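Student: Please model the entire structure based on the sequences and the hints provided.
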Amino acid sequence: MASSSSSSSNPSSSSQPQRTDDGEPLFYPDDEPLPFHEASFIPAYGLPRVTVTDIPERPFVISTVPPEKFNVLLQIKAPSLFQYGNHPLQRTPIDLLIALDFSEGIGQSALGHVRDALRFVIDNLGPSDRLSILSSSARPEKVFPLRTMSEQGQKAAKDAVNRLVFAKAAPNFVDLLTVAALVLDQRRYLNPVAFIILLSDRRDTTSTLPLALESTREMAICDLEELPFAVYPPRSDINYINSYFEAPVYPVYAFGIGKHHEPFALHEVCSATGGTYSYLENYAILRDAIACRIGALLSVVKIQFCLTLLRGTAGVNILDIYSGDFYSNICEEDKSIGEIKLRHLFADETKEFLIEVTLPENSLELKETCLDLIWTYKDSVWNDGKTQLYYDHVDIHRTLIAPHPMTNLVHKEVIRTRACLYCSLRIHDAIRTYETKGFIKAREFLRNQISEIKESESVSNEDKLSVWMLIQIHEVVSTMLEGSRSFKNGGIAMALSTLSSHDTQTTTISGNEVPGTEVHLFQPYGTPNTMAMVRKSILQQQRSSTRLHH
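Heads up: the sequence shown begins at 305 in this note's numbering, then just goes up one per residue.
Hints in this document: simulated from the structure, not taken from any laboratory. One thing to keep in mind: the hints can contain errors.
Claimed, not checked - Using 30 Å as the maximum straight-line C-alpha spacing, the simulated DSSO-like pairs for lysine-lysine come out as follows:
# : residue 1 : residue 2
1 : LYS716    : LYS381
2 : LYS768    : LYS716
3 : LYS645    : LYS373
Treat the numbers as computed from the prediction; the structure is a model and nothing was measured.
Tutor: Written as structure tokens, this is what we have:
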């Protein structure tokens with residue numbers, strides 16, 4: 305089976321360019337055809353599978369007096385790339401669009417870091433991947449069309465990068481993302497997945513305006529309503545929900561650079577599309593930061609993952625699904641059905657979702673099925689178009705006699721997930737407190753929350769994820785201790801980057817910390833491919849520095 309799909313439409317059917325209201329050519333389909341791969345046969349023993357593991361809150365539940373709420377943690381584990389060793393590419397080819405939203409004031413040193421980061425991306429894309437580059441100016445400009453990264457394509461892309469200059473920027477990045485969506489929407493040929501990386505140093509123009517704090521966010525995101533569906537889908541729209549996988553949406557992975565960039569709009573777009581928002585204090589770490597992202601994007605293994613939850617026993621109700629930025633829904637009529645949808649899964653990554661249910665009262669001692677699980681997805685590496693279907697169920701042990709406390713402890717994984725969820729909500733509340741009640745109240749609120757978290761002992765020193773979340777709260781508080789200006793210029797960006805990481809369970813960058821570097825050795829959501837790409841970037845820079853030194 306070919307690893308890339310064929311043309312999505314007749315290449316000759318869109319020969320005329322689209323035009324703007326003033327008659328100027330906009331963009332037309334000019335993407336380079338995908339390389340042909342001879343058909344490969346899917347191995348007889350089947351495709352690498354996604355596993356779903358359930359962890360009930362407690363081993364036993366009293367039948368006659370069940371708790372008002374009971375939690376079940378579901379862990380979704382994607383297969384590794386090495387399991388695709390018999391595939392000619394061994395991974396999913398991608399279409400990648402990089403949008404550059406820089407001011408004309410960018411210095412030569414910063415421009416050098418941007419070019420270096422882009423060259424690193426180009427070097428790590430293969431002949432089956434395609435790349436396009438857009439740049440923001442008075443009108444968005446296509447610096448490089450969507451071309452395959454063959455040897456010739458890589459050379460042409462690097463030539464375009466070396467010619468990069470940044471003139472007067474457009475008023476906002478809405479036009480840039482609009483064109484990015486057009487470029488991907490109008491493709492004649494489709495790789496299995498497409499992503500947008502947005503680099504922006506756009507200054508926060510609201511900081512000089514006499515606005516109420518809450519209006520800062522509103523002003524920042526109001527223009528986003530003009531964005532097309534593909535980069536800002538209306539998450540509450542019923543048509544969008546019903547055609548979730550059919551309607552093309554391109555995840556936006558945004559990097560806000562510098563302490564004075566505007567974080568709210570970047571975070572909002574990323575959250576809406578399932579991408580991530582990262583905050584970089586300076587351009588010097590841009591290459592390693594992008595390496596961290598590329599390592600993930602070049603390891604997609606499954607797409608269109610859907611997990612359906614069904615009431616297993618009469619009386620079980622699904623109360624809530626804690627899914628962060630991922631789509632989830634519960635049947636409002638009788639709480640008997642719920643679902644979670646993910647557009648793609650990276651190799652080796654684990655996604656966790658906490659499901660809150662009620663259990664019925666009864667007078668029996670038995671093993672009771674709480675939930676039935678059905679999950680479906682498509683394999684994006686073999687890309688045969690077939691949907692894989694699997695079943696399982698969540699069993700709860702019901703007892704008539706109260707179990708010994710030591711044999712019925714809350715599972716440590718559930719404790720950890722609750723703790724991280726609590727930390728995430730507190731960061732979100734701190735930002736809202738800042739907007740509505742001011743800086744002093746927000747700082748006081750978050751410092752009190754740290755004390756409560758420590759006193760509750762919900763954060764175990766043995767659990768890296770919950771410790772990381774607590775450290776991130778401390779980092780936000782540290783910017784608050786430096787004053788309101790420090791929190792506005794960097795602190796909010798750091799807080800939103802942390803929220804983005806937690807809500808997508810994906811690595812992001814906060815400040816000057818890049819996972820895998822000597823500065824920052826741990827990030828809980830890093831995958832082997834992510835860390836390997838960061839180490840590759842670091843090693844290449846070290847070698848380059850050594851050659852220059854000698």
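Student: All hints are to be evaluated individually against the structure, with a verdict given for each.
Tutor: Taking the hints in turn, this is what the structure says about them:
Distance hint between LYS716 and LYS381 is fulfilled; the C-alpha atoms sit about 18 Å from each other, no more than 30 Å. About 13 Å separates the Cα atoms of LYS768 and LYS716, which keeps this hinted pair within 30 Å; it holds. Distance restraint check for LYS645 and LYS373: the Cα-Cα separation of roughly 24 Å lies within the 30 Å cut-off, and the hinted pair is therefore satisfied.
Checked against the numbered hints listed earlier, the structure breaks none of them; every hint is satisfied.
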